[in-house]
Amino acid sequence: MKKWIAIFTMLLCLCTLCGCATADDAAQNGTLRLSFDYNHAGTIASNQFAAWIETANGDFVRTLFVTSFTASGGYQTREDSLSAWVKAAQPDTWSDAETDSISSATPRTGRQEIVWDGTDSDGNPMPHGEYKFFLEATLYWSSNVVYSGSFTLGSSENRDIAISTVYSEDTEENRDMIMNVKAEYTAPSDVSDSGTQRLLGGLSPDEALEYMEHTPDLVIVQVNTAQWKITPGFTGALWIPHDELEERFDEIPVGKPVMLHCGAGVVSVPAYEMLIQKRPDIPELSYIAGSPRAIMEEYNEWLTKGGE
103 MKKWIAIFTM LLCLCTLCGC ATADDAAQNG TLRLSFDYNH AGTIASNQFA
153 AWIETANGDF VRTLFVTSFT ASGGYQTRED SLSAWVKAAQ PDTWSDAETD
203 SISSATPRTG RQEIVWDGTD SDGNPMPHGE YKFFLEATLY WSSNVVYSGS
253 FTLGSSENRD IAISTVYSED TEENRDMIMN VKAEYTAPSD VSDSGTQRLL
303 GGLSPDEALE YMEHTPDLVI VQVNTAQWKI TPGFTGALWI PHDELEERFD
353 EIPVGKPVML HCGAGVVSVP AYEMLIQKRP DIPELSYIAG SPRAIMEEYN
403 EWLTKGGE
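What the sequence shown shows, in the numbering used here, is residues 103 to 410, in sequence order.
There may be inaccurate statements among the hints.
Heads up, simulated BS3-like pairs for lysine-lysine below, C-alpha to C-alpha not over 25 Å straight-line [said to hold, decoys possible]:
| no. | residue 1 | residue 2 |
| --- | --- | --- |
| 1 | 380 | 331 |
| 2 | 284 | 234 |
| 3 | 189 | 234 |
| 4 | 407 | 380 |
| 5 | 407 | 358 |
| 6 | 331 | 358 |
What follows is a list of derived Cβ distance ranges for each label pair [stated by the list, open to error]:
| no. | residue 1 | residue 2 | range |
| --- | --- | --- | --- |
| 7 | 232 | 282 | 36 to 46 Å |
| 8 | 331 | 308 | 17 to 27 Å |
| 9 | 192 | 308 | 21 to 31 Å |
| 10 | 252 | 356 | 14 to 24 Å |
It should be emphasised that the hints constitute simulated quantities derived from the structure, not laboratory data. Owing to the predicted nature of the structure, the values given are computational and were not obtained by experimental measurement. C-beta: ideal position from N, C-alpha, C; glycine also.
Let the sequences and hints guide you as you build the complete structure.
Structure below.
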């Protein structure tokens, strides 16, 4: 790992020459934000939903969120559960770690938000161009609904995205489970052009570990809410839930690099965007794009040995 800085510099040069994406490009992609009202259904064979991204040609890019029952094997025992997502994502090829990184229990009733930062499942920035989002929900047994829309990643304009809605069956059972779906694309931020802040965007867990071990005075902030807080987490990390960050962002030390993380790299994105606007004094800002659990033990052990 001691050769990392030299290797990383070389890789940046190579990527510049060949046009490859680097972590800095993530901040230049813009973001897709999906929001919707979720009403917990009281029936069996319901309360499952997933959101994912595909290219304009239909190539799978990344699962943004999926409920844990289906992701953890429920699609095998109940074949109708999120059938469109299963076909696109092929979860039977995933490892347990991959499943854990993007799945979670069904949330409580209320407004939900899912954000895509323009990266793939490894945290690598995707090239600019046309993409599609999908939000599928299993309402009751074989009754599913799929919301979808197209947008241009890297576009310089903010815009609301037109949404198509397709139901698999003509039934009213649990039709109100997913309602008021909205999709918004936010154009890339130009804050990094000011020269006062370096926006690294999303780093894969492996990239994050390398960065953490070579960045003096790094402040790590966990933004999970209390329900999903990872304990014990990274040694020395701050805990500021993302839904409290707007009121508590001044608790983050001034003038130090900051890395955010949550449990799957989802709610870290809106927290990252907020700090871009609220804390321009942060010299380097990043977040872990994925589950941080795989690197916590190694990082904490590295700290106990004096950071060597």
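Evaluated hints:
| no. | hint | result |
| --- | --- | --- |
| 1 | 380 / 331 | holds (24 Å) |
| 2 | 284 / 234 | holds (14 Å) |
| 3 | 189 / 234 | holds (16 Å) |
| 4 | 407 / 380 | violated (35 Å) |
| 5 | 407 / 358 | holds (23 Å) |
| 6 | 331 / 358 | holds (24 Å) |
| 7 | 232 / 282: 36 to 46 Å | violated (25 Å) |
| 8 | 331 / 308: 17 to 27 Å | holds (23 Å) |
| 9 | 192 / 308: 21 to 31 Å | holds (23 Å) |
| 10 | 252 / 356: 14 to 24 Å | violated (42 Å) |
When held up to the earlier numbered hints, the structure conflicts with 4, 7, 10 and fits the remainder.
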